[in-house]
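*Asks:* The chain contents come next:
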Amino acid sequence: MIRLLLLAPYIGLLWVPFYNFEEPKLFGFPFFYWYQLAWVPLTSLITYFVYRSVRHES
Amino acid sequence: MKANIDMSALAVFIFFFVLVTAMGFFASRWRRAESLDHLDEWGLGGRKFGTWITWFLVGGDFYTAYTVIAVPALVYAIGAYGFFALPYTIIVYPLVFAVMPLLWKAAKERGYVTAGDVVRGTYGSRALELAVASTGVIATMPYIALQLIGMEVAIKALGLTGEMPIILAFLVLALYTYSSGLRAPALIAFVKDIMIYIVVLAAIIVVPSKLGGYSAVFSAADAAFEAKGKGGILLDPTQLVPYVTLALGSALAAFMYPHTLTGIFASSGANTIRKNAVLLPAYTLLLGLLALLGYMGHAAGLQLQSNNDVVPTLFKTLFPGWFAGFAFSAIAIGALVPAAVMSIGAANLFTRNFWKVWVNPDVTPAGEAQVAKITSMLVKVGALVAILLLPTQFALDLQLLGGLWILQTLPALVFGLYTSWFRAPALLAGWAAGFIGGSALVWSDGLKPLHALAFDGVTVSVYTGLLALALNVTVAVAVNLIVPAKETADDDLHVAEAESRS
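Quick note, the sequences are listed as chains A and B, same order.
The first sequence: position 43 = 48 (this note's numbering), numbered continuously.
The second sequence: position 36 = 73 (this note's numbering), numbered continuously.
Quick caveat, the hints were computed from the structure, so don't treat them as lab data.
Check before you lean on any hint, since a few could be wrong.
[Said to hold, decoys possible] Pairwise CB distance ranges (calculated):
| no. | chain 1 | residue 1 | chain 2 | residue 2 | range |
| --- | --- | --- | --- | --- | --- |
| 1 | B | G199 | A | L9 | 49 to 59 Å |
| 2 | A | L9 | B | N397 | 30 to 40 Å |
| 3 | A | S58 | B | F63 | 55 to 65 Å |
[Said to hold, decoys possible] With a straight-line Cα cutoff of 30 Å, these simulated DSS-like cross-link-like pairs (lysine-lysine) come out:
| no. | chain 1 | residue 1 | chain 2 | residue 2 |
| --- | --- | --- | --- | --- |
| 4 | A | K30 | B | K85 |
| 5 | B | K85 | B | K393 |
| 6 | B | K193 | B | K485 |
| 7 | B | K85 | B | K193 |
| 8 | B | K85 | B | K265 |
| 9 | B | K247 | B | K267 |
| 10 | A | K30 | B | K485 |
| 11 | B | K485 | B | K267 |
| 12 | A | K30 | B | K393 |
Every residue, glycine too, gets a C-beta built ideally from N, C-alpha and C.
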């Protein structure tokens with residue numbers, strides 16, 4: 006079940022109306038850019054979390 | 038032309054090129070095997086690459102020199118739309134995490150080296166094996182040619198003209214790949230990636246500070262698109278579906294390519310792959326920041342002859358000669374790693390799934406390694422000739438089709454990991470429908486990757502590769518339901534035979 010977390014980046018990134026905006030800006034980056042960049046470490050963290058819970062299986 | 042050459046840039050370039058060449062030849066002794074005369078050794082580095090080597094190798098062959106040139110060029114030309122590479126290279130990793138350890142396990146247990154091996158082992162169908170293997174080879178050829186284009190752009194930026202430099206560089210690449218196999222790009226990937234990281238860090242810190250910060254970079258780009266009347270720093274409503282479908286389709290296709298699959302099969306274990314799915318996104322961060330160089334091009338007010346020149350020109354304009362030389366060597370070396378892995382992946386396919394099956398079934402392991410070495414050489418020569426003789430657009434068009442083609446091997450390669458319901462004739466019919474139907478669609482759209490669909494008067498553009506995949510799966514399911522199982526009984530015999538052999 007915990008593997009379903011791996012779907013989160015798909016939902017967060019493939020529904021563009023979530024993030025196709027300019028505001029709020031961060032360090033001069035429009036939201037469109039920093040939102041997607043933020044998904045990089047977030048996806049890593051989620052995957053690591055799933056890794057920790059499944060590694061005993063193999 | 039000599040006046041254009043910056044001597045310090047050229048000296049730095051030559052130094053690094055000589056360094057990686059020496060490493061390429063030395064690589065045959067690195068983590069030495071008893072002998073490289075075996076395809077597992079030459080073509081998969083002995084399947085012993087741990088987490089860090091796999092990270093450098095897969096990162097090094099997935100994020101290619103052409104990416105470094107082309108993604109910023111696309112962003113420079115049309116803005117936000119060019120960023121689809123970012124979601125693409127994020128969502129690919131959960132997929133790698135879920136699917137690739139299963140594929141690795143099957144490959145390790147049964148001695149598979151290629152996607153063609155996996156398909157024959159699973160379905161016992163030589164026809165399906167040939168379809169998957171030849172798709173891999175023809176999808177890879179234009180990809181190698183693209184690496185050459187990236188290298189050409191970097192070499193030209195140094196002021197070197199003519200065809201000799203690129204021929205020389207490729208000759209060197211071909212020779213050390215021949216002698217060291219996958220160990221060469223694995224070792225060179227360390228140098229390449231560290232260089233690229235230094236270049237990108239310098240660019241994202243130094244360039245905005247010279248151009249007035251990121252706000253200034255984004256508003257300069259916005260103004261440039263406004264003036265041009267095309268593109269923008271946000272997506273146009275008509276670009277939403279293309280953006281998403283290109284990202285999803287590219288992610289599904291990415292690890293079906295022989296070079297990325299080679300990196301997976303060469304790793305030492307399923308957990309090595311899982312850890313890499315966690316760690317590889319570091320490169321994606323890099324890619325996202327690199328893409329911004331396209332906007333920095335607008336902020337710096339560059340005048341370009343071709344969009345592909347945006348990164349080299351930016352470095353030439355804003356950095357001292359020696360650092361520009363360092364950046365260009367990073368890009369050129371960045372082409373060597375993927376080009377080597379691609380030619381090895383294609384050579385493995387040809388050797389295992391064509392030569393061994395159709396030409397010489399009794400080939401010895403040493404003979405296999407020899408055939409693969411020669412094939413890897415021929416594949417690279419082919420790409421070089423294509424670049425020298427044919428227009429660049431030809432390689433780009435073929436690369437576009439290559440992505441669509443390789444995506445059609447997904448059902449045959451992946452479905453069998455989860456279900457034994459599909460049979461070979463159905464998957465073969467699906468592959469043919471996706472391959473031919475998809476190619477025809479791209480052709481009828483004037484070699485564009487998007488196809489316009491009309492629903493109730495609303496027109497939506499969708500990545501053609503995904504449409505072809507949908508057709509592929511639909512046909513596969515339909516044929517599997519319609520064709521009675523007993524007609525494929527002799528396929529089951531092949532499975533039994535294949536399993537008893539391995």
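*Asks:* Look at each hint and say if it fits the structure.
*Replies:* Each hint, compared with the structure:
1. G199(B) / L9(A): 49 to 59 Å: holds, 56 Å
2. L9(A) / N397(B): 30 to 40 Å: The hint (30 to 40 Å, Cβ to Cβ) is violated, given that L9(A) and N397(B) are roughly 48 Å apart.
3. S58(A) / F63(B): 55 to 65 Å: The hinted range 55 to 65 Å is violated for S58(A) and F63(B), with Cβ atoms some 41 Å apart.
4. K30(A) / K85(B): violated, 45 Å
5. K85(B) / K393(B): Given pair K85(B), K393(B) holds - Cα atoms ~25 Å apart, limit 30 Å.
6. K193(B) / K485(B): Given that 30 Å is the threshold and the Cα spacing comes to 28 Å, the pair holds.
7. K85(B) / K193(B): Violated, at roughly 38 Å.
8. K85(B) / K265(B): violated, 52 Å
9. K247(B) / K267(B): This hinted pair holds, its Cα atoms lying about 27 Å apart.
10. K30(A) / K485(B): Not satisfied, since the Cα-Cα distance of roughly 34 Å exceeds 30 Å.
11. K485(B) / K267(B): holds, 18 Å
12. K30(A) / K393(B): violated, 58 Å
Consistency with the previously given hints fails for numbers 2, 3, 4, 7, 8, 10, 12, ordered from lowest to highest.
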